[in-house]
Amino acid sequence: MSQQTALNAEPLEWGHGPRTFDVFLEPTCPYSVKAFNKLDALLKHIGEDKVTVKIRLQSQPWHIYSGLIVRYILAASTLPNGRDAAHKVMQAVADHREEFEFADHCRGPNMDATPNDIIARLKAYSGVDASVPFDRADLQAVIKWHCKYARQNGIHVSPTFMVNGLVQADLGSGDDISVWAERILAC
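First residue of the sequence shown: 1, per our numbering; consecutive thereafter.
It is possible that some hints are incorrect.
Stated by the list, open to error - With beta-carbon atoms standing in for the labels, derived distance ranges:
id: 1; residue 1: Asn164; residue 2: Ala124; range: 30 to 40 Å
id: 2; residue 1: Cys187; residue 2: Gln152; range: 14 to 24 Å
id: 3; residue 1: Ala120; residue 2: Val179; range: 33 to 43 Å
id: 4; residue 1: His16; residue 2: Arg107; range: 18 to 28 Å
id: 5; residue 1: Lys144; residue 2: Gln4; range: 16 to 26 Å
id: 6; residue 1: Asp104; residue 2: Lys44; range: 11 to 21 Å
id: 7; residue 1: Asn81; residue 2: Ala120; range: 19 to 29 Å
id: 8; residue 1: Arg107; residue 2: Ala186; range: 43 to 53 Å
id: 9; residue 1: Asp129; residue 2: Ala186; range: 40 to 50 Å
id: 10; residue 1: Val179; residue 2: Gln4; range: 41 to 51 Å
id: 11; residue 1: Trp62; residue 2: Asp176; range: 22 to 32 Å
Unchecked claim - Each computed DSS-like pair below joins lysine-lysine, with the alpha-carbon atoms no more than 25 Å apart:
id: 12; residue 1: Lys44; residue 2: Lys54
id: 13; residue 1: Lys123; residue 2: Lys38
id: 14; residue 1: Lys38; residue 2: Lys54
Honestly, the hints are just simulated from the structure, not real lab data.
The structure presented is a predicted model; accordingly, all values stated were derived computationally and were not measured.
All C-beta atoms, glycine included, are put in the ideal place defined by N, C-alpha and C.
Model the full structure from these sequences, guided by the hints.
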């Protein structure tokens, strides 16, 4: 009988600077997508040697397939080159957000979509097959870590931003990256 090796989720972190910018995102939230699409430019603007950008997934039940999509992203993070695989899945969701969401969080074409349909879309759009780790019960530990980390920091909405461990309630997805950069570099 073979024993499975433990899942090793690669942290969703980019850059290696001393300042940290935690971004709590729900992948199908339009405001989170707006923030997610600015992170690469932010990192380039500030410099990878000055900041570490950390994505924390904040599943929200009113986004009906949120838990499933978060699980798939975190499953992707356990694959070889997991951080980049997870990024591809997040970008695929961002690029096709409405195909993973419900109108007014309660109706629309996704009412007839099964979890397997959503997984097939994630795989097709991202090119990342995370179905094997997705099906592992021990992936729950990674999911629960993201949830617990958000709760211990009082995170309720997405996106929420933290600079060096402190919530920045006045930062938003609509801010220019120069506003984020100024706050990050000031700390």
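Do the hints match the structure? See the list:
no.: 1; hint: Asn164 to Ala124: 30 to 40 Å; result: holds (39 Å)
no.: 2; hint: Cys187 to Gln152: 14 to 24 Å; result: holds (20 Å)
no.: 3; hint: Ala120 to Val179: 33 to 43 Å; result: holds (39 Å)
no.: 4; hint: His16 to Arg107: 18 to 28 Å; result: violated (44 Å)
no.: 5; hint: Lys144 to Gln4: 16 to 26 Å; result: holds (19 Å)
no.: 6; hint: Asp104 to Lys44: 11 to 21 Å; result: violated (36 Å)
no.: 7; hint: Asn81 to Ala120: 19 to 29 Å; result: holds (22 Å)
no.: 8; hint: Arg107 to Ala186: 43 to 53 Å; result: holds (44 Å)
no.: 9; hint: Asp129 to Ala186: 40 to 50 Å; result: holds (42 Å)
no.: 10; hint: Val179 to Gln4: 41 to 51 Å; result: holds (45 Å)
no.: 11; hint: Trp62 to Asp176: 22 to 32 Å; result: holds (28 Å)
no.: 12; hint: Lys44 to Lys54; result: holds (15 Å)
no.: 13; hint: Lys123 to Lys38; result: holds (23 Å)
no.: 14; hint: Lys38 to Lys54; result: holds (13 Å)
Violation of the numbered hints given earlier is confined to hints 4 and 6; the remaining hints are satisfied by the structure.
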